[in-house]
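Enquirer: Residue numbers (the numbering used here), protein chains in the order written: chain C, 1 to 190; chain L, 1 to 190; chain G, 1 to 190; chain X, 1 to 190; chain H, 1 to 190; chain D, 1 to 190.
Warning: the hint list may mix true and false statements.
Repeated chains share a single entry, so a pair holds when one copy, or any two copies, can fit it.
Distance condition first, Cα-Cα at most 30 angstroms in a straight line; then the derived DSBU-like pairs of lysine-lysine [unchecked claim]: (1) Lys69 / Lys32; (2) Lys32 / Lys131; (3) Lys49 / Lys69; (4) Lys49 / Lys131.
Keep in mind that the hints were calculated from the coordinates and are not lab data.
Protein chains: 6
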Amino acid sequence: MPQPDHVSIYDLPEPDALDDDTRRYFEICVEKLGMVPNVLRTFSRNQEKLRAFSQYYNTLMLGPSGLSKLEREMVAVVVSSANRCFYCLVAHGQAVRRLSGDPHLGEMLVMNYRVAQLSERHRAMLDFAWKLTTAPSEVVEEDRGALRAAGLSQDEIFDLADVVGFFNMSNRFAIASDMMPNAEYHALDR
Amino acid sequence: MPQPDHVSIYDLPEPDALDDDTRRYFEICVEKLGMVPNVLRTFSRNQEKLRAFSQYYNTLMLGPSGLSKLEREMVAVVVSSANRCFYCLVAHGQAVRRLSGDPHLGEMLVMNYRVAQLSERHRAMLDFAWKLTTAPSEVVEEDRGALRAAGLSQDEIFDLADVVGFFNMSNRFAIASDMMPNAEYHALDR
Amino acid sequence: MPQPDHVSIYDLPEPDALDDDTRRYFEICVEKLGMVPNVLRTFSRNQEKLRAFSQYYNTLMLGPSGLSKLEREMVAVVVSSANRCFYCLVAHGQAVRRLSGDPHLGEMLVMNYRVAQLSERHRAMLDFAWKLTTAPSEVVEEDRGALRAAGLSQDEIFDLADVVGFFNMSNRFAIASDMMPNAEYHALDR
Amino acid sequence: MPQPDHVSIYDLPEPDALDDDTRRYFEICVEKLGMVPNVLRTFSRNQEKLRAFSQYYNTLMLGPSGLSKLEREMVAVVVSSANRCFYCLVAHGQAVRRLSGDPHLGEMLVMNYRVAQLSERHRAMLDFAWKLTTAPSEVVEEDRGALRAAGLSQDEIFDLADVVGFFNMSNRFAIASDMMPNAEYHALDR
Amino acid sequence: MPQPDHVSIYDLPEPDALDDDTRRYFEICVEKLGMVPNVLRTFSRNQEKLRAFSQYYNTLMLGPSGLSKLEREMVAVVVSSANRCFYCLVAHGQAVRRLSGDPHLGEMLVMNYRVAQLSERHRAMLDFAWKLTTAPSEVVEEDRGALRAAGLSQDEIFDLADVVGFFNMSNRFAIASDMMPNAEYHALDR
Amino acid sequence: MPQPDHVSIYDLPEPDALDDDTRRYFEICVEKLGMVPNVLRTFSRNQEKLRAFSQYYNTLMLGPSGLSKLEREMVAVVVSSANRCFYCLVAHGQAVRRLSGDPHLGEMLVMNYRVAQLSERHRAMLDFAWKLTTAPSEVVEEDRGALRAAGLSQDEIFDLADVVGFFNMSNRFAIASDMMPNAEYHALDR
Numbered sequence: 001m002p003q004p005d006h007v008s009i010y011d012l013p014e015p016d017a018l019d020d021d022t023r024r025y026f027e028i029c030v031e032k033l034g035m036v037p038n039v040l041r042t043f044s045r046n047q048e049k050l051r052a053f054s055q056y057y058n059t060l061m062l063g064p065s066g067l068s069k070l071e072r073e074m075v076a077v078v079v080s081s082a083n084r085c086f087y088c089l090v091a092h093g094q095a096v097r098r099l100s101g102d103p104h105l106g107e108m109l110v111m112n113y114r115v116a117q118l119s120e121r122h123r124a125m126l127d128f129a130w131k132l133t134t135a136p137s138e139v140v141e142e143d144r145g146a147l148r149a150a151g152l153s154q155d156e157i158f159d160l161a162d163v164v165g166f167f168n169m170s171n172r173f174a175i176a177s178d179m180m181p182n183a184e185y186h187a188l189d190r
Numbered sequence: 001m002p003q004p005d006h007v008s009i010y011d012l013p014e015p016d017a018l019d020d021d022t023r024r025y026f027e028i029c030v031e032k033l034g035m036v037p038n039v040l041r042t043f044s045r046n047q048e049k050l051r052a053f054s055q056y057y058n059t060l061m062l063g064p065s066g067l068s069k070l071e072r073e074m075v076a077v078v079v080s081s082a083n084r085c086f087y088c089l090v091a092h093g094q095a096v097r098r099l100s101g102d103p104h105l106g107e108m109l110v111m112n113y114r115v116a117q118l119s120e121r122h123r124a125m126l127d128f129a130w131k132l133t134t135a136p137s138e139v140v141e142e143d144r145g146a147l148r149a150a151g152l153s154q155d156e157i158f159d160l161a162d163v164v165g166f167f168n169m170s171n172r173f174a175i176a177s178d179m180m181p182n183a184e185y186h187a188l189d190r
Numbered sequence: 001m002p003q004p005d006h007v008s009i010y011d012l013p014e015p016d017a018l019d020d021d022t023r024r025y026f027e028i029c030v031e032k033l034g035m036v037p038n039v040l041r042t043f044s045r046n047q048e049k050l051r052a053f054s055q056y057y058n059t060l061m062l063g064p065s066g067l068s069k070l071e072r073e074m075v076a077v078v079v080s081s082a083n084r085c086f087y088c089l090v091a092h093g094q095a096v097r098r099l100s101g102d103p104h105l106g107e108m109l110v111m112n113y114r115v116a117q118l119s120e121r122h123r124a125m126l127d128f129a130w131k132l133t134t135a136p137s138e139v140v141e142e143d144r145g146a147l148r149a150a151g152l153s154q155d156e157i158f159d160l161a162d163v164v165g166f167f168n169m170s171n172r173f174a175i176a177s178d179m180m181p182n183a184e185y186h187a188l189d190r
Numbered sequence: 001m002p003q004p005d006h007v008s009i010y011d012l013p014e015p016d017a018l019d020d021d022t023r024r025y026f027e028i029c030v031e032k033l034g035m036v037p038n039v040l041r042t043f044s045r046n047q048e049k050l051r052a053f054s055q056y057y058n059t060l061m062l063g064p065s066g067l068s069k070l071e072r073e074m075v076a077v078v079v080s081s082a083n084r085c086f087y088c089l090v091a092h093g094q095a096v097r098r099l100s101g102d103p104h105l106g107e108m109l110v111m112n113y114r115v116a117q118l119s120e121r122h123r124a125m126l127d128f129a130w131k132l133t134t135a136p137s138e139v140v141e142e143d144r145g146a147l148r149a150a151g152l153s154q155d156e157i158f159d160l161a162d163v164v165g166f167f168n169m170s171n172r173f174a175i176a177s178d179m180m181p182n183a184e185y186h187a188l189d190r
Numbered sequence: 001m002p003q004p005d006h007v008s009i010y011d012l013p014e015p016d017a018l019d020d021d022t023r024r025y026f027e028i029c030v031e032k033l034g035m036v037p038n039v040l041r042t043f044s045r046n047q048e049k050l051r052a053f054s055q056y057y058n059t060l061m062l063g064p065s066g067l068s069k070l071e072r073e074m075v076a077v078v079v080s081s082a083n084r085c086f087y088c089l090v091a092h093g094q095a096v097r098r099l100s101g102d103p104h105l106g107e108m109l110v111m112n113y114r115v116a117q118l119s120e121r122h123r124a125m126l127d128f129a130w131k132l133t134t135a136p137s138e139v140v141e142e143d144r145g146a147l148r149a150a151g152l153s154q155d156e157i158f159d160l161a162d163v164v165g166f167f168n169m170s171n172r173f174a175i176a177s178d179m180m181p182n183a184e185y186h187a188l189d190r
Numbered sequence: 001m002p003q004p005d006h007v008s009i010y011d012l013p014e015p016d017a018l019d020d021d022t023r024r025y026f027e028i029c030v031e032k033l034g035m036v037p038n039v040l041r042t043f044s045r046n047q048e049k050l051r052a053f054s055q056y057y058n059t060l061m062l063g064p065s066g067l068s069k070l071e072r073e074m075v076a077v078v079v080s081s082a083n084r085c086f087y088c089l090v091a092h093g094q095a096v097r098r099l100s101g102d103p104h105l106g107e108m109l110v111m112n113y114r115v116a117q118l119s120e121r122h123r124a125m126l127d128f129a130w131k132l133t134t135a136p137s138e139v140v141e142e143d144r145g146a147l148r149a150a151g152l153s154q155d156e157i158f159d160l161a162d163v164v165g166f167f168n169m170s171n172r173f174a175i176a177s178d179m180m181p182n183a184e185y186h187a188l189d190r
């Protein structure tokens with residue numbers, strides 16, 4: 001049984017059935033990334049939702065923030081590790097390898113972020129991300145205090161909470177949809 | 001100590017510091033709902049994010065779907081119950097009371113959806129929402145099969161996964177931000 | 001499907017088949033509360049047990065104690081929240097609303113007590129109640145020490161342990177019996 | 001450090017400070033059991049509560065029921081095993097050894113009831129007791145159905161729920177109070 | 001149904017079908033212990049594995065170490081308590097009773113080690129054993145630091161990790177194999 | 001902070017302080033694998049234990065068995081995934097990639113084996129490995145029955161239980177020891 005063999009559980013529209021803006025968006029993906037990520041192909045079943053998802057994602061992960069792009073990807077991977085989301089671990093694990101230039105860091109965050117040697121700031125961010133993901137009902141003021149003690153500003157806490165939230169959404173959408181990552185991710189930045 | 005006394009942990013911009021479209025959006029909220037929900041006031045700290053969040057939310061919860069608006073709100077409450085998100089339980093518990101005209105149903109979904117007498121379709125939807133929320137890594141094909149057996153179409157499974165995902169995001173953003181629901185919700189539709 | 005439609009899973013005796021003291025007890029309930037709580041109607045299937053249950057309950061919740069009646073009800077609600085007992089959350093959530101005059105406090109304790117702004121004494125009591133309910137095997141001397149540090153006396157710790165224990169009993173009896181709360185509770189003290 | 005060295009965390013009244021009925025009750029304990037169980041000595045700090053506790057206990061465990069006394073003790077041990085309550089495991093483990101005449105059965109129920117070879121009725125009772133103890137919020141109609149399929153009547157389900165509830169209470173009271181079992185239990189009925 | 005009635009789920013070789021060294025080994029067991037422990041009889045199905053298991057076990061539990069034999073057995077019991085392994089709790093609970101001369105200590109470690117009055121060194125060892133058994137992914141440098149603070153050397157931490165690991169292996173092999181302890185253990189050293 | 005930078009938490013003997021057989025063993029490792037795995041270097045702190053560990057490992061993973069070497073490695077990875085053991089996931093994830101020739105399969109088993117498309121035999125083996133690892137106390141006859149229904153013989157169940165047990169041991173030893181995998185593993189068989 002060759003692994004994997006499908007995009008997700010849904011029937012998807014043919015490329016030429018897509019709206020013009022979606023087609024253009026997918027062409028840009030191919031240019032920049034060499035592929036259309038399967039999450040976008042899956043969302044193309046409902047292009048209104050694809051637009052909303054992409055706008056949210058791009059603002060969150062590529063927009064201005066006190067959290068660097070690498071930091072946002074590190075959080076994405078740790079959330080996805082807690083939830084064991086295959087799609088997001090493959091796609092964002094590669095992003096950590098690429099942005100950090102440290103493939104071992106990517107693997108550590110995928111497998112168990114606690115073994116990584118991290119700055120106090122990163123440890124605080126990832127501990128918070130883990131708890132907010134796995135035990136949201138138990139998050140209390142002390143947990144926010146630990147972020148502040150590690151130097152995070154109000155805006156950085158806002159953005160951290162947003163990234164943790166977003167991947168708790170996309171992990172679940174991907175898992176429910178049996179979404180498979182594009183095969184290209186695996187070999188990149190090893 | 002009167003409860004509650006704040007919107008969230010962030011300093012928020014004064015109304016007249018907001019962009020025109022945000023100000024108009026908030027005015028519409030007041031007209032239609034009698035208030036600006038505190039989640040929107042919180043997001044107004046970053047209006048680019050507010051726009052993305054609102055577009056996602058409106059498409060998801062108010063747009064066309066095989067899931068009725070009540071069904072989407074029922075899922076929102078059960079996800080929020082699993083995560084024990086005070087903000088979302090208050091706001092969306094009220095929505096279930098309003099849309100169903102059955103205040104006891106709202107309370108049951110807030111407290112423990114398993115005690116409610118539900119159709120097979122609703123039981124399947126809420127069981128899936130609970131598992132995808134609390135044990136995402138354990139969701140397997142049998143779980144999707146249970147949705148199909150209860151009559152859900154591909155589009156309905158897509159939308160269900162999306163609603164479950166979204167409230168796993170907003171629950172965590174609200175909890176991390178210590179976001180308090182507007183006091184108005186409590187007494188409505190009792 | 002109107003919610004709810006039954007007292008519990010058991011066939012119950014007709015009112016005039018009850019012993020005299022039970023009948024008098026139920027008349028007093030109607031006078032004072034406007035109803036016979038369904039937990040008492042359920043226990044009337046075994047009147048020897050009804051007497052034992054009522055004696056325990058009245059001594060515990062209404063008798064003299066260093067814990068105020070409101071404090072005992074707050075603990076009852078937090079235990080019931082941990083166990084997600086619909087019956088007890090409805091009945092004792094109303095008691096907290098009534099005794100505190102603060103409906104938001106009642107809702108917070110039902111949904112997630114950690115969001116409430118509490119005195120150090122109340123925080124310590126409710127943290128202990130939560131842990132003793134959800135992880136009894138892990139309670140150690142440090143946990144008792146936290147109660148003492150918050151000023152609780154030996155008698156107050158005794159009574160706190162007793163209230164936590166009692167609602168862990170009644171929650172389970174109610175859940176096993178699919179016991180539904182009287183509809184009257186919902187609208188009271190909103 | 002010899003184990004154990006105390007009754008519980010509370011200062012307890014001297015024997016001659018007790019009310020007459022309590023003193024008589026304790027004398028009967030010594031006659032019949034060879035000791036005053038430490039749970040009763042602990043409750044003697046509040047004799048009103050001691051009376052309520054004893055009445056509940058005696059009705060539950062010694063009164064008429066479709067569940068045999070051994071069955072009620074088996075349930076008591078399995079609940080106490082789930083909660084890892086040292087006091088109740090020692091005291092009621094001995095009761096199972098005595099009533100069953102099978103010391104290995106007592107040990108199995110203390111350590112892991114799943115390894116015991118049990119009748120369908122007993123398996124169903126203990127599976128229900130375990131779930132109602134460890135995951136009360138997840139108990140649903142199917143669980144009650146399994147009891148009925150194993151032949152339990154309404155009265156037997158009522159009494160089973162009551163026993164499970166009671167030991168969830170007494171386990172927590174004992175743990176919170178650091179209550180130690182009387183040393184006599186250990187060697188009996190080996 | 002008399003308890004227990006089998007060695008494990010496997011068909012086992014007749015004594016005279018065993019290799020000479022195994023036969024001699026079993027004769028020594030009878031001489032020294034009065035029985036061939038059922039774990040060895042079970043492993044005799046694959047004598048190459050029996051040899052490897054015995055060598056590992058004897059080096060670990062009987063060889064030189066900074067941890068006394070009693071300390072190693074205490075760890076064995078606490079690991080087996082966490083995993084609720086009937087075989088190992090019976091066999092090693094007896095070892096703790098024998099080596100400590102304190103039957104109550106044996107029972108406490110079987111049922112809930114947290115109630116025992118322990119030296120700081122033993123508390124630290126058993127807390128570490130419990131966490132490494134039940135939440136291995138969450139073990140971090142602070143946990144190792146607590147061992148060092150209690151005076152454990154590098155060699156003692158090495159041996160502690162090894163004992164915890166070993167019983168996590170043998171517990172799972174015993175449980176998977178439905179392995180029953182020899183009946184002789186029960187009455188010894190009470 | 002370059003990742004990783006140490007073998008484990010222990011001071012290790014210099015190569016020329018090792019016994020002759022250990023030195024020869026390590027030379028063979030370098031010849032065959034291109035490195036001395038860090039688990040062996042760590043165990044060289046106690047060469048008697050190194051011998052016992054190596055004999056157990058080699059019999060288990062390289063000896064004759066109804067489970068193929070790939071199947072044993074698949075089980076090793078799934079156990080290590082459940083326990084989130086960085087060392088074993090890196091080392092045995094590589095083994096699955098090499099033996100299967102399918103790098104995606106290796107990644108799936110590391111991240112969440114449930115997304116892989118597996119034969120009924122492999123699904124049954126891995127489901128059993130997961131449950132025996134994460135909830136050993138709940139393993140019952142039905143779980144063994146599922147293995148038999150998938151065609152596993154007594155010897156295969158014996159070996160499966162042994163592999164699951166062994167990696168529950170080595171995962172915990174590695175985690176407790178903060179053992180880092182050799183950097184070479186990462187790039188192999190991608």
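Enquirer: Hint by hint, say whether it matches the structure.
Expert: Now for the hints, and whether the structure bears them out:
1. Lys69 / Lys32: Within one copy, since 17 angstroms is at most 30 angstroms while 38 angstroms is not.
2. Lys32 / Lys131: Neither: 34 angstroms inside a chain and 37 angstroms across chains, both beyond 30 angstroms.
3. Lys49 / Lys69: Cα proximity of Lys49 and Lys69: in one copy and across copies (24 angstroms, 16 angstroms).
4. Lys49 / Lys131: Cα proximity of Lys49 and Lys131: in one copy and across copies (29 angstroms, 24 angstroms).
The earlier numbered hint that this structure contradicts is number 2, and it is the only one.
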